[in-house]
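Number of protein chains: 2
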Amino acid sequence: MNYGVVIKILGYLLLIESALMVPSLLVALHYEGFDWTSFLISILITAVVGFIMSRSFKYRENIQAKEGLAIVGSGWFLVSVFGALPFVFSGTIPSWTDAFFETVSGFTTTGATIIDNVEILPKGILFWRSFTHWIGGMGILVFTVAILPMLGIGGFQIFKVESPGPTADKIAPRVRDTAKILYTTYIAITILEILLLVLGGMSLYDTLLHTFGTVGTGGFGIKNTSLGAYDSTYIHLVIGIFMMFSGVNFSLYYSFFKGKWREVLKNEELRQYLGIIIIAVVLIALDIYTIMYDSFGLALRDSFFQTSSIITTTGYSTVDFDRWPTFSKAILFLLMFVGGCAGSTAGGIKNIRILVLLKIVKREISKIFHPRAVIPIKVDGRSISDETVAGITSFFVLYIIIFILGTIIISLEGIDFESSASAVAATLGNIGPGFRFVGPSTTYSQFSDASKLLLSLFMLLGRLELFTLIALFAPKVWKNEILPKNR
Amino acid sequence: MNYGVVIKILGYLLLIESALMVPSLLVALHYEGFDWTSFLISILITAVVGFIMSRSFKYRENIQAKEGLAIVGSGWFLVSVFGALPFVFSGTIPSWTDAFFETVSGFTTTGATIIDNVEILPKGILFWRSFTHWIGGMGILVFTVAILPMLGIGGFQIFKVESPGPTADKIAPRVRDTAKILYTTYIAITILEILLLVLGGMSLYDTLLHTFGTVGTGGFGIKNTSLGAYDSTYIHLVIGIFMMFSGVNFSLYYSFFKGKWREVLKNEELRQYLGIIIIAVVLIALDIYTIMYDSFGLALRDSFFQTSSIITTTGYSTVDFDRWPTFSKAILFLLMFVGGCAGSTAGGIKNIRILVLLKIVKREISKIFHPRAVIPIKVDGRSISDETVAGITSFFVLYIIIFILGTIIISLEGIDFESSASAVAATLGNIGPGFRFVGPSTTYSQFSDASKLLLSLFMLLGRLELFTLIALFAPKVWKNEILPKNR
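Protein sequence lines, in the order shown, are assigned to chains A and B.
In terms of the working numbering, the first sequence opens at residue 1 and continues consecutively.
In terms of the working numbering, the second sequence opens at residue 488 and continues consecutively.
Certain hints may be false.
What the hints assert, rightly or not - List of simulated lysine to aspartate or glutamate pairs, DMTMM-like, C-alpha gap at most 25 Å:
#, chain 1, residue 1, chain 2, residue 2
1, A, K362, B, E554
2, A, K359, B, E874
3, A, K378, B, E874
4, B, K846, B, D873
5, B, K849, A, E387
6, B, K849, A, D386
7, B, K846, A, E387
8, B, K846, A, D386
9, B, K849, A, E67
10, B, K865, A, E387
11, B, K865, A, D386
12, A, K362, B, D873
13, A, K362, B, E874
14, A, K359, B, D873
Said to hold, decoys possible - Under 7 Å between C-beta atoms, here's a sample of chain B residues computed to sit facing chain A:
#, residue
15, T813
16, F814
17, A817
18, L821
19, V848
20, E851
21, I852
22, V884
23, L885
24, I891
25, T894
26, S898
27, L899
28, E905
29, A958
30, K963
Note that these hints are calculated values from the structure, not bench results.
Note that beta-carbon positions come from the ideal geometry of N, C-alpha and C, so glycine has one too.
Just chain A, with the same shape it has in the complex (with noise of 0.2 Å):
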């Protein structure tokens, strides 16, 4: 492991860190709130200390996948750390856990909250506090498209966004191309949803944080009943409809826009995802209309965005969710586990896994019959190589194994097996809100210390794909070179 490099890298981070903490000083300052110079203090300390560590070395060596994992793990946790600081120091959040809590919340774009009365907080504080999803899904698109492919983790190789088949000398400038698509992208979706929601008459203010919050996924809420409190079906929609469009695969709007709309129409992953929230909403709708609505329409309405909003690993809501019958709650608690698809903000399994899952269970079924048959695994027309494939089963299995001990360690707070298990799928998944303890009308504040620091481990786990934060713990990680030659 080349420490030094790692080291210089995680100071640019801090370095970039603190100048995305300018615009919330900004907005406390015009505000006149008394956050000011919390963010101002924070900025100081996070830069400083970025500074002396991007100096420390002088390291110019290729990054190598140790040392991608080790930037990759370090870094969400370091900028978490410094991220929490404005909460500390404006006494919005006193406790350093829940600080800590809440910031992995925000960049890992979950949205669980530990914040019992939200309306309460000044404008700057819940400004940085949305702002860290919008940060979190940059962030994530970053990894998605230069960190997992070197890394080749959980069968995330299929993610590819043009030609297939890459070649030592041509993934550099292709990373660049992808990663450029891929932010002009999250621009665009971001500046046409605050066109929108300003049109629909929500104050500019509200407009930017909830746009943080849908565009990244996150869904940190402005209100104590999220997004209950505003009464427009208009606004219900946009936002519905943004989370959904946040859960596609982005560069699928790049060959949108190139004209290429028949292959986006062929693409499986968007099928199965579109095809998985149309039948969410539909037997939703008919399950809450029968039992406690008055209205198709309004139940359609109600469904459409719970739907949109867990598939997507969003967690906004519009109604208390935690009350509908238990069917409706199921298929929500399954979209949990399903996620968005990859290359976009949202969490979860991801569709392009589940896809290839299925395939799986198709092709074994068809062995039964024709046992000597080597039948590929195909993903829009193109054959899926077995280490793929073994990638992306580890991951379903690895998924499943943390998400059943989670419960269980979860579940030593004494809280019921529904509040548990939703606890974990919903912080691993990137989700937010669950059920019951953890329904969309409490928070996370009620857990202990310990169980606050173990779910904000399950948001990086579930951010990372599992594997980046895992591989971490390897002693082999750590070998070599303990201590870098200084130059």
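Use these hints to put chain B onto chain A, whose structure you have.
For chain B alone, kept in the frame of chain A given last:
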């Protein structure tokens, strides 16, 4: 599909079943119960139908995969329909659906019951009910040895008793030998448990019925409080230990008696199985001792019994474990999925599959550091083929899918999430009791007929290793020769 041979063999199956009802008739006569006539009629009907079917066709061809599937699938169904006759005719279970559910539960060695007050049933009926467990256990052994390797389903090729590498002409004698070993073990364990229970002061009748439920890992109780009615640590321990024994790969007993005890002790599946039991027993004992028990010894005894009962998918209970804290319940819930070892009468996913899945995850982590390495999956020092690995992962994925979809559908009953999920897990894993609505102190009688039939399907799916039953629905199976040439 060769319908002739299928119908013929199903006919023989019914003839065997009618013979297997005779002991129950004798028990009914011995206790002078009103149920003896229902057995007489059932035996006659089953025998006549069986006789006609077995004589209808004269086919003598080899059984291929298609026919194997059809025989196994329809066989378990048919035997359950006819096995339900005594319950209906005696009026003890007047509803056909209920009687079918109870019989499927018996033959699949699940032990889920719809009988609210089991203590008022006549002795012949109770005997038949428990005897179906014992027959079912025997049926599973045949199935594991003779059918699964032929179909190569779900990676079950991994279960091999003696030398690996099958050669076509050697399969038949090996199957016969293996079957013999398994039967002998099955009967030996049965006799041993009968002796020990009778020595412990249990009446012969109660002993027989509990032994059937133990070695078949079924779990039908004959008291409303299951084994809680027997206030004897000795009895709890004997049954607890014999359940654990019945979850071990039976061929290991053979190896053990052949003096290969070192091989047995090194068996990775056995080690994992025992390891999980030890960890679960200790964790649950500590949890219930801290929260609700006065004596650690008692906590340990109850924890051991329940752990052994659930992991082996038996389902007996000595206490109402549904009232245990969530942590203990969550562990038990996990054990429902783990199940026993391959080549035993236990259900669930089974330890060998879990073992391989864990190794796949471990390999994936190694691959991050050695992207080009080809690392084989080894169990007991032998490499597992890629095909078997694919079979095992497909099985796992399908198991989870059925569990999730099942939970969603069953939740339409209007019950809570924990009840719905545990009902599906407990039927799919052939356990019996779950939590809350289906806890050990309640029964499945409250479900609608549609749900009872669906839960029966889950029991069969779990028992037949999923793929056997699912492949049966492939149109391919039913194509070709729609009617056989009647020679």
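Verification of the hints:
Under the criterion of a C-alpha separation no larger than 25 Å, the hint pairing K362/A with E554/B is consistent with the structure, at around 20 Å. A threshold of 25 Å between alpha carbons decides the hint, and for K359/A with E874/B the separation of about 15 Å falls inside it, so the pair holds. Of the pairs offered as hints, the one joining K378/A and E874/B holds, with about 17 Å between alpha carbons and a cut-off of 25 Å not exceeded. With a C-alpha separation of about 13 Å, the suggested pair K846/B and D873/B falls inside the 25 Å cut-off, and the hint holds.
As the CA atoms of K849/B and E387/A are separated by approximately 14 Å, the hinted pair is consistent with the 25 Å bound. Our distance criterion of 25 Å between C-alpha atoms is met by K849/B and D386/A, whose separation comes to about 17 Å. Between K846/B and E387/A the CA atoms are separated by roughly 15 Å; this keeps the pair inside 25 Å, and the hint holds. The straight-line distance between the Cα atoms of K846/B and D386/A is roughly 16 Å, inside the 25 Å bound, and the hint therefore holds.
About 20 Å separates the Cα atoms of K849/B and E67/A, which keeps this hinted pair within 25 Å; it holds. Between K865/B and E387/A, the direct Cα distance comes to roughly 17 Å. Compliance with the 25 Å bound is thereby established for this hinted pair. Between K865/B and D386/A, the direct Cα distance comes to roughly 18 Å. Compliance with the 25 Å bound is thereby established for this hinted pair. Of the pairs offered as hints, the one joining K362/A and D873/B holds, with about 17 Å between alpha carbons and a cut-off of 25 Å not exceeded.
Pair hint K362/A plus E874/B holds up; C-alpha atoms about 14 Å apart against a cutoff of 25 Å. Annotation: proposed proximity of K359/A to D873/B holds, straight-line Cα distance about 16 Å (limit 25 Å). The interface hint given for T813/B holds, since its Cβ lies 4 Å from the closest Cβ of chain A, which is under the 7 Å cut-off. The beta carbon of F814/B comes within 5 Å of a beta carbon in chain A, closer than 7 Å, and the hint placing it at the interface holds.
The interface hint given for A817/B holds, since its Cβ lies 4 Å from the closest Cβ of chain A, which is under the 7 Å cut-off. Proximity of L821/B to chain A holds as hinted, the smallest CB-CB distance being about 5 Å (cut-off 7 Å). Hint on V848/B holds. Least Cβ distance to chain A is approximately 5 Å, under the 7 Å limit. Given hint, E851/B at the interface with chain A, holds; its Cβ is 4 Å from that chain's nearest Cβ, closer than 7 Å.
Hint status for I852/B relative to chain A: holds, with the closest Cβ pair at about 5 Å, below 7 Å. Given hint, V884/B at the interface with chain A, holds; its Cβ is 5 Å from that chain's nearest Cβ, closer than 7 Å. Interface hint status for L885/B: upheld, as the beta-carbon distance to the closest one in chain A is roughly 5 Å, under 7 Å. Interface restraint check: I891/B against chain A, minimum CB-CB distance 5 Å, threshold 7 Å, status holds.
The closest approach between the C-beta of T894/B and any C-beta of chain A is roughly 6 Å, which is under the 7 Å cut-off, so the hint is satisfied. A least Cβ separation of about 4 Å between S898/B and chain A falls short of the 7 Å threshold, and the interface hint therefore holds. Nearest Cβ of chain A to the Cβ of L899/B: about 5 Å, under the 7 Å cut. The hint holds. With 7 Å as the threshold, the beta carbon of E905/B comes within range of chain A, its nearest partner Cβ sitting at about 5 Å, so the hint holds.
With a least beta-carbon distance of about 5 Å to chain A, the hint placing A958/B at the interface is held under the 7 Å criterion. A distance limit of 7 Å between C-beta atoms decides the matter here; for K963/B the minimum to chain A is near 6 Å, and the interface restraint holds.
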